[in-house]
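Those protein sequences? They're chains A and B, same order as listed.
Per this note's numbering, the very first residue in the first sequence carries number 1; after that it's consecutive.
Per this note's numbering, the very first residue in the second sequence carries number 277; after that it's consecutive.
Calculated directly from the structure, the hints in this document are not laboratory data.
We treat Cβ as the ideally placed atom computed from N, Cα and C, and that holds for glycine.
Mixed in with the good hints there might be a few duds.
[Unchecked claim] Per label pair, the in silico range of CB-to-CB distance:
#, chain 1, residue 1, chain 2, residue 2, range
1, A, Ser-176, B, Val-302, 35 to 45 Å
2, A, Val-80, B, Phe-438, 30 to 40 Å
3, A, Asp-56, B, Trp-385, 21 to 31 Å
4, A, Asp-77, B, Phe-438, 41 to 51 Å
5, A, Ser-176, B, Ala-389, 49 to 59 Å
[Stated by the list, open to error] Here are some chain A residues the structure puts well away from chain B; computed CB gaps all over 12 Å:
#, residue
6, Ser-186
7, Ala-196
8, Gln-235
Below are the chains, spelled out letter by letter.
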Amino acid sequence: MKRLFSLLLALTLIPAAYAQSSISQRIVSMNVCTDQLLLLLVEPARIAALSHFAADPAWSSLAAQAAGIPVNRGQPDEVVALEPDLVLTSAFSGTFAARVLERLQLRVERLGFAASREEVYHQIAQMAAWTDSNSAGQQMITATRARIEASVQQLQPRLAGNSALFLSSNGIAFGSSTLQDDFLRSLGLRNVAAEAGLSGPAPLSLELLLQAAPDFIISEARGELDSQLAHPFLQHAALQRLNPRRLNLPDRWFDCAGPWLADAYVSIATQLDAAP
Amino acid sequence: MTRAALPLLWLLWLLVLLLWLLELEVGPATINVFTALADWINNSDSVARIILQEVRVPRALLALLTGASLAISGAALQGLLRNPLASPDLLGISQTAALLAVCVLYFGWSQRAWWLLPLAALLGAALAVLLLLQLTRKLPGTHSLILAGLALTALTSALTTFALSFAPNPYALQEAYFWLLGSVANRSLSDVAIALPFMLLGSALLLSCGRALDALSLGEDTAASLGFPLARYRWRLIIGVACNIGAAVAVSGCIGFVGLIVPHLLRPLCGAQPGRLLWWSLPGGAALVLLADALVQLVPASQELQLGVLTALLGGPFFLLLLLQQRSER
C-alpha cells in the first residue's frame, strides 16, 4: 500500500517537475522592445510570433531578422490562438490584452522602461532569465558595457562641458530620468532640457530652446519628413540662425533597451570625426 | 462712412497695434523686447533678437492676419448668404480647406512649389462655399444651412483625421490637433509670406463687393434693380472668401468662431450695413485673435493650448446666446 502510494505520488510529480525544467518553446512578443531582444537571445524556432512593428525598420533595429516570423497585432484572441507558453510585452503597451491573457492562465512577463545604462543592462538580464538564455544575455551585457565604456573614454574629453538637447517628433525633448539624459551626462554634456526643468519626454517651447542655445542638437534625420509639421523646430528659421551642431541618432536606439545603445555612442564618435 | 464712426474705426486699429505690441512681450522665454530691438537695429546676433525677430514677430503677424481674414470672411458670408449664423468654421468651409491642405502636405506635394499648399486650401474653401450656395437654394431657413454646415464639418474633420492616419509619417496623426483646432505657434516669416498675398487679394475682392452686399441685404431682386445683380458679384465673393480662408487655414489650421463673433459684435457700430461691416471686421478679427493668442501663452498649462481651444471657449457660449436671441426675435 505504501509503495503504491509513493508510486502514485511520483507519477503526479513527474509532469510538474518536467514543466518546471522545460524551456519555453512558443514565445509570443507583443512589443517592439521585447521583439528585438528576443531575436537576439533565442533561436527563431522558439518564437511563435513577434509584434507587427518587428519588421518595420522605422521602429526596429532588427527588422531584417524578423522577416518570415509571424506577427501579431496585440489582440488577446490572436495571441491565445498561437498557444504560447510565454508572452512578452512592455509594462506600458497592450496592458489590457496582457491582463486578459493572464486571466486565461498564460505566463505573461512585462519589460519596464529603461532610463539609464544600468537599467538597460538589467532589462537584458531580465529578458535572458525569462527566456532561459542567461549566458547569451550575460555575453551581450558584457560586450555592450565594454563598447560603451570605450566610447565614453574617447568622447568625454572632447565633449565635456558642452550643452546638448535630444529632440524628437512634435517638439518633444528629453528631460531628466530618461535614457537620453543618462547618455548626455555620461559624455560630460549638459542636458539643456533637464536644466529647463523638464522631466521625462516632454515638449520644449521653441523660445526656451533658443534661450538655452545648446551646442548640439541630437535628432533623427528623417529626410523629407523633417519638413513636415511633426518637426517644427528643425526647419525653423530661428534655429537655422542659432546654428547648433546637428547630430543624427535614430530614436529607436533609445526607445528600447538593447546593445544598439553602444551603436549610439560609436555613431557620435564617427560623426564628430567626420567633421570635427 | 459716417463722421461719428470713422474715429472709432481708427481707434480699433490703434487697439490692434497695442495688442500686437503686447503679443511681442508675451512668450515662454523672458526677454527684454527693447534690448532685442536694439540688437536688431545694431545688427548684433543675440538670442533675444532671434527670439523677437524669428519667433514673436511672425507669430504676432500671423495672429493679426489670420484674425482679420477670418472675420472679414465671416462678415462677407453673413452678407452673401443673408444668414447671421454663417461663419467659415460653422459651415465647414475652414475644415474643407484643412482637408485639402492636409492631403497636399502629407503626401509630399507641398515641396514642389510654395503656393501649392495655400492653393489647395483655397480650392477646398471655394468648393465648400459653392456647395453651401447650392444647399441654400434647396434648404430655405437660417438653421437648416447651419445644420448642413455641421454635416460638412463632421465629414471633412473625419476625413482629415482619416488622411492623417494614412500619412507616411507615424507622428502625423498627432497633428490633427493643429488642423482641427488651429494655432499660430512655432510658425516663421515664410508662413507669413505664403499667406499674405492670398489674404490681400481676398480682402481686396471682398471690400470691392461692399456696396453690392449692402444692396443684397434688401433682397436679391431689389439688389438687381439697384444695379447689383448677384450673379456678377457672387464669384467675386466666393473667390474672396476662398482666398482668405485658404490662406488662413494653410498656415494656422481651423481657428473657430472668429468669423462668427467679430461681425456680430461690430454690427451695431456699422448701422447694419454689411458693406461697412467688412471694413470693421478687419481690425476686429485681428484684435480678437491677437488677444486670444496672448492669453493662450499666459495659461500655465504643461503644453501650450491650441489657439482654437480658446476661441471655441469664447465662441461656443456666444453661439448659444445668438441662437436664443434669434428665437426671441421671431
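Outcome of the hint check:
Checking the proposed 35 to 45 Å range against A/Ser-176 and B/Val-302 shows it is violated: the Cβ atoms sit about 28 Å from each other. Distance hint for A/Val-80 and B/Phe-438: a CB-CB separation of about 31 Å, consistent with the stated range 30 to 40 Å. The hinted range of 21 to 31 Å is satisfied by A/Asp-56 and B/Trp-385, whose Cβ atoms lie roughly 25 Å apart. Distance hint check: the CB atoms of A/Asp-77 and B/Phe-438 are about 26 Å apart, inconsistent with the given range 41 to 51 Å.
Between A/Ser-176 and B/Ala-389 the CB atoms are about 44 Å apart, so this pair departs from the stated range of 49 to 59 Å. At roughly 28 Å from the closest C-beta of chain B, the C-beta of A/Ser-186 stays outside 12 Å, upholding its exclusion from the interface. Annotated as non-interface, A/Ala-196 brings its C-beta within 12 Å of a C-beta of chain B; the closest such distance is 10 Å. Distance check on A/Gln-235: its Cβ comes as close as 8 Å (rounded) to a Cβ of chain B, failing to clear the 12 Å threshold; non-interface status is violated.
The structure fails hints 1, 4, 5, 7, 8 (numbered hints given earlier, in ascending order).
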